[in-house]
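For chain A, the structure is supplied; the task is to place chain B on it using the hints.
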Amino acid sequence: MAVLTKTEPPPAPPRRRRLVYRLRVLRHDPTAALGLILVILLAYLVVAPLVAVISDAFRLQYGDDVHAGQRAGEWTGYYLWRVFRSQISGLLFWEPLLNTLVVAVGTTLFALILGGGMAWLVTRTNVPGRKWLAGALVVPYMLPSWTFSLAWLSLFKNERAGGQVGFLQAQGVHTPDWLAYGALPIIVTLGLHYYPFVLLLVGNALRRIDVQLEDSARVLGAPRRVVIRRIVVPLMLPALSSAVLLVIGRVLGTFGTPYVLGLPADYRVLSTGLFQSIRDRSTGVASVIATVIVVIGVLIVFTDMRLMKEHRRFVTVGGKGAMDRLSDLRGRRWLAFALGLLVFTVSVLVPVLTLLLSTVTRTPLDLSTFTLDYWFAERLPGAVGFPHGVLRGSELWEAAWNSLRVVGLASLVCAVAGLLIGYVVVRGTAPRIAGFLRQVSFLPYLVPGIAFAAASLSLFAVARGPVPALYGTTFLLILVMAVTHLPYSSRSGIAAMTQLGREPEEAAQIAGASWWQRMRRIIFPIQKGALVTGIVLPFISGLKELSIVIMLTTTGTQLLTTLSIGLVDYGYTQLANAVVLMIALVSFTMTYLTQRLTNSSLASGLGG
Amino acid sequence: MPAITLRGVAKSYGGGDYAVKNLDLTVPDGAFMCLLGPSGCGKTTTLRMIAGLEQPTAGTIAVGDRVLDSVEGGLYVPPEKRGMGLVFQNYALWPHLSIRENVEFGLRMRKVPAAERRSRAEAALRMVHVDAAMDRYPSQLSGGQQQRVALARMLAVNPSVLLLDEPLSNLDARLRLEMRAELKRIHEESGATIVFVTHDQLEALTMATDIAVMNDGELQQLAAPMDMYARPANRFVAEFVGSPPMAIIDVGPSPTGLAASLLRFTEARSTRVPPAAVGIRPEALRLGAPPASAWHEEALVEAVLPAGSSWTVRLRVLDTEMYALSYTPVQAVPGDVLTCWTEEMHLFDADGVRIPAEDSSADSSEDRVEAGA
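Protein sequences, first through last, are from chains A and B. With UniProt numbering, the residue at position 541 of the first sequence is 541, and numbering never jumps. With UniProt numbering, the residue at position 106 of the second sequence is 106, and numbering never jumps.
Be aware that one or more of the hints could be misleading.
[What the hints assert, rightly or not] For each label pair, taking beta carbons as the anchor points, the in silico distance ranges come out as:
#1 Leu-26/A x Pro-113/B: 29 to 39 angstroms
#2 Glu-116/B x Met-308/A: 51 to 61 angstroms
#3 Ser-241/A x Arg-314/B: 50 to 60 angstroms
#4 Phe-475/A x Pro-113/B: 15 to 25 angstroms
#5 Lys-528/A x Arg-314/B: 56 to 66 angstroms
[To be verified] In silico lysine-lysine, DSBU-like type, Cα no more than 35 angstroms apart, as pairs:
#6 Lys-81/B x Lys-184/B
#7 Lys-528/A x Lys-111/B
#8 Lys-131/A x Lys-528/A
#9 Lys-81/B x Lys-111/B
#10 Lys-309/A x Lys-528/A
#11 Lys-528/A x Lys-81/B
Because the hints were derived from the structure by calculation, they are not lab data. Beta carbons are placed, not taken as given, at the ideal position from N, Cα and C, and that holds for glycine.
Okay, chain A solo, but in the shape it has when bound (with noise of 0.2 angstroms):
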């Protein structure tokens, strides 16, 4: 019988047998290698582009030496002249940064508005057709953002930006441009686009509070109103407030509907002023801008992520008590549907139909000019760029297909990532790398993605050591478009592996699986489910994508949103129209099938 007490550590090895040791167990387990090179690729993939745009903005670019009296490459404050305190500043930064405000501030109101009565309404009372109106409030968010904005062009647009005016002005109806265009329009199609966000996550706390908690308010005494104000908006402010940054964060990097709505009027705001800076090759004008974009962004989040840690002390643990006990409305039960399948034609119908029509009538709207023309025509007089109806000819196809392409390769890539970031994360060999990777997959979080994409631009446009210069490739859009999904994908990834745990890979080794054969035969068949939605979901919102990609296509890479916009450009509204309207139907009927199939949330995957 052996007796030990008080053992002492035994000597540590020698350094080199240690490190010996430590490469003969690397040798066996790739876990450590495949953690290394995720560390580099995200590195020069997320890193590696903000630090190059953050660089850019610092440093003189070449053909601006004459006017700032440096040499190209040198360190430099101009661009931060020249954007915050120059005469041009005004045109370049401070207005476009107020109208931002403005139309942050005024859709986040609209969709809170909205999307918070929906909300209750679809939640916490008895209107009739509660489940319809729930699934059919949410369309919007599966359609691009800015179908809005041309179905609202095709109603109101006047005749300032030349090519065919809208509806009423067809009618003899002037609209003014405040109607036509600038920040009233672009509040209300963006609003009527992120409502439903608001929706889905001020719905989802409502579902969640404890009813108890407002049962034992009113059993104290307190009268409805008195519990609503002092119970139940306090409960939902965390909600509330990562509702609206949420908001404010999204618009901050939409591109299209301002775009599309505020250029014509010159209505710039920070994200089309960023493109026009880019388009005009002001490459440091362009960097700061786009870091101001990249400091708000992170500001943003950062505030939300303390906001809900300081409000993780409203957290209730929803048990029996959240029950469905919903709000008698009595009478008025039949106006509450009326109202909310009004938010539904506007939101919807009226878009969706307005878009239909114009691209079959050659005065907008008037059936009496019937006409399949812009989908089928062999030639269409008048339409120099693009001659013929958009199912002719070989643009759209190229563009679908280059859509699938793109989109596909870089889901499919971005799942995979996020699977194997979250294997290494829970495996757990590494804890620094399993680390770096959580964080940095995060990042592109932060960032607006028209900020990322000009960030990816300072990095990639110009042949860097061994890497030739990426502009204008698929291959850099599949990059980009990957990197600034991942967010999504690495979390669920990682969620997906820590449920499942180390075990099951490790009772594989055990039984004498291979690394290779744990991954295929353990592994991805287990993760299978995880692996489907990881790839369709970044797909949808990537097909709708157009804030990413508008500044990395050329001709010759044409995606179907950024052709969309190019007709726009050229004037072609019932072909624009045409192509975004095969956008949403494409959009919507694969986020419908997706829902059906597999039961996954829309708030938790798309990051469109």
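Below, chain B alone, put in the same frame as chain A:
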């Protein structure tokens, strides 16, 4: 069948904290060894190091002549090449494979032909009585059945070393009893060397041929179950093994009451160093007329707790609370004053190490290993 040897094995996750400190342990050929200890004592880490799922920061692990890990020698054999069997606490059955495919997996990895694979998987499943559920999936099975499948999956490849990580802790009491007998039978039939991790001392006592008690990453005692029970090497083992636990009374420098009484008794019978603590197991504390050589005191009965086959009595002895466990009916009622006595005491020195009894030949043959020796 091979013996498993661990020499100077340590595991640190960095920061100077050791999950396992300098462990020397030999699991004899064909043994059923239990690693017993409270949670966080390093027993699971030890098991996972034997399996190769964790790597030691120092030391050597070998099975027979085959060195699996040697930090000093730069040798490492990955888990998939060790040819061991491991049952996880949560079974870790693969949800996407049927029961048959789960059990056949290890054979497939060993490139066993299909026909043989089939028959061996069926044999393994028959051995654990789940051959009827062969074509179902793990989620369709009860916890007990899943546990058996996990066993069958391990047994199918016929490994010479079986590792089990608290495999019974997720089962209900009845199934646990059944599986204990089952595991003992499997051990006897297969002749494999088994290392079994548990925090349940009863499980260890009933199944093991050898028990290694661990605490804070250190081996406390390695002994056969009944030896360990009769002669715990230190206070930790004494308190951890046995239920209800042994009462240990400190008889420090200037004891009073019960402590003084016990110290007087032990000093009168021993010429060795005086003990710092005296332990009495509840079943060794008897009630009634004491034999002449026994220690005895008056005891006030505070409560009688019958449990069918045994009676636990809470006593107050010289103002100290004590429990007596009796296997014969106790007729006393609260308020009665009885005589309690014992002839079996466990003595511990100031370091908490057992002081061997001089008159016990078994006890005197123990070899003590002091720290740093």
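*Could you tell me which of the numbered hints above are not met by this structure, giving the numbers in increasing order?*
4
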